[in-house]
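Using the sequences and the accompanying hints, generate a full structural model.
Its first residue numbered 1, the sequence shown is counted upward by one per residue in this note's numbering.
If you are wondering where the hints come from, they were derived from the structure by calculation, not from laboratory data.
Treat the hints loosely; a few may be bogus.
Keeping only pairs whose Cα atoms sit at most 25 Å apart, straight-line, the calculated SDA-like set for lysine to any residue is [said to hold, decoys possible]: (1) Lys99 / Pro196; (2) Lys304 / Ser248; (3) Lys214 / Glu228; (4) Lys304 / Leu273; (5) Lys214 / Leu258; (6) Lys214 / Ala256; (7) Lys214 / Arg139; (8) Lys214 / Thr45; (9) Lys214 / Cys181; (10) Lys214 / Glu170; (11) Lys99 / Thr45; (12) Lys99 / Ala23; (13) Lys99 / Ala136; (14) Lys304 / Arg263; (15) Lys99 / Pro260; (16) Lys214 / Val264; (17) Lys214 / Arg61; (18) Lys214 / Pro260; (19) Lys304 / Arg276; (20) Lys99 / Arg61.
Simulated restraints, written as ranges between beta carbons of each label pair [what the hints assert, rightly or not]: (21) Asp64 / Leu280: 37 to 43 Å; (22) Ser34 / Arg54: 21 to 27 Å; (23) Leu289 / Gly143: 24 to 30 Å; (24) Leu289 / Glu170: 24 to 30 Å; (25) Ser124 / Ala53: 26 to 32 Å; (26) Leu253 / Gly143: 27 to 33 Å; (27) Arg61 / His112: 24 to 30 Å; (28) Ala209 / Glu14: 18 to 24 Å; (29) Arg241 / Arg213: 16 to 22 Å; (30) Asp157 / Thr207: 45 to 51 Å; (31) Asp64 / Pro285: 40 to 46 Å.
Model, not experiment: these values are computed from the prediction.
Glycine is no exception: its CB is placed at the ideal position from the N, C-alpha and C atoms.
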Amino acid sequence: MPSIDIVIPAFNAEHCLNRTLEAAFDPDVPVDLSLGCIVVNNRSTDATAEIIARWADRGVRGVDHHSAQGRSTAVNSGVAASEADYVLVLDADCRLVGKNSLSVVNRAIRDHVAAGFGYATGVSDDFWGRYHRALANERMRSGWQGWTTQCCVVARDVFNRVGGFPTDYEYYGFEDRDFICRLRTHCSDTELRSLPDLQAHHDDDATLADVCRKMYVSGRHSSAVFRENFPDEYDATVYGRVDATTASAPMRLLLAALQPFRRVLRGMTSALLGWRHMPLIVGRPAVRLCSGLFYYRGTVDRNKRR
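Okay, structure coming up:
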């Protein structure tokens, strides 16, 4: 009988972890699949540890980090504690959707996939919920470039063969894309698969300020690591098209001209997004513009450090 462990990295996840565990154990477990769960407590300062302890009688195991070491290290620790054939990596704020989630996973395992990628989608009806649903649909149509590791199934031996999640990213961004690129290097296209029926509801408590902050940090720090590891793949991404080094000359001129107004544009857009019924056709391009401006600024500041 094949076995799988759900591996959940958790940092100050008391607001979402219980719901994530309830959703993980709610689907009908196929009789021919052995299921376990490992939650890695990444030195949380809230009630995350207590929640993990309450689930011990359901087979949930906890792994404690004595210092916060980032998502990649947390996932690696969870996989290291597993003896299952496969692992299902699931973010603490992502809840499996539907009774058949594990049947989708089981079919992928029976097909001997090396890795299969589900999709995190929005659940609320406000702008960010609709934004995340549209983003998930776009990713489903984008092949491997739309894959993320918020909800993904990986054979444990393959995970170890590619070196696990990368730990050379000290800041937000590109860890999952680096991991996926290494999977594509070690595995054939037929061994990697999109799993559109494996979906998780992602908490929609995003703010534009937080999105822009992450884009700035990613551009200033993580972009250099990923481009060094996978230059061609980076240049082909949307991030490469708004990078101060790799963007086209017209794009650089446009982004540079808008830089003095990036905070004003972010503030105006944030105010507009407060309208619950903001049309995606208006709000989504505005979010992307602000994100691109802050990412570009991050790459400018990155280049200044050299």
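Handout entry: Earlier hints that do not hold, by number
Key = 4, 11, 15, 17, 19 and 30
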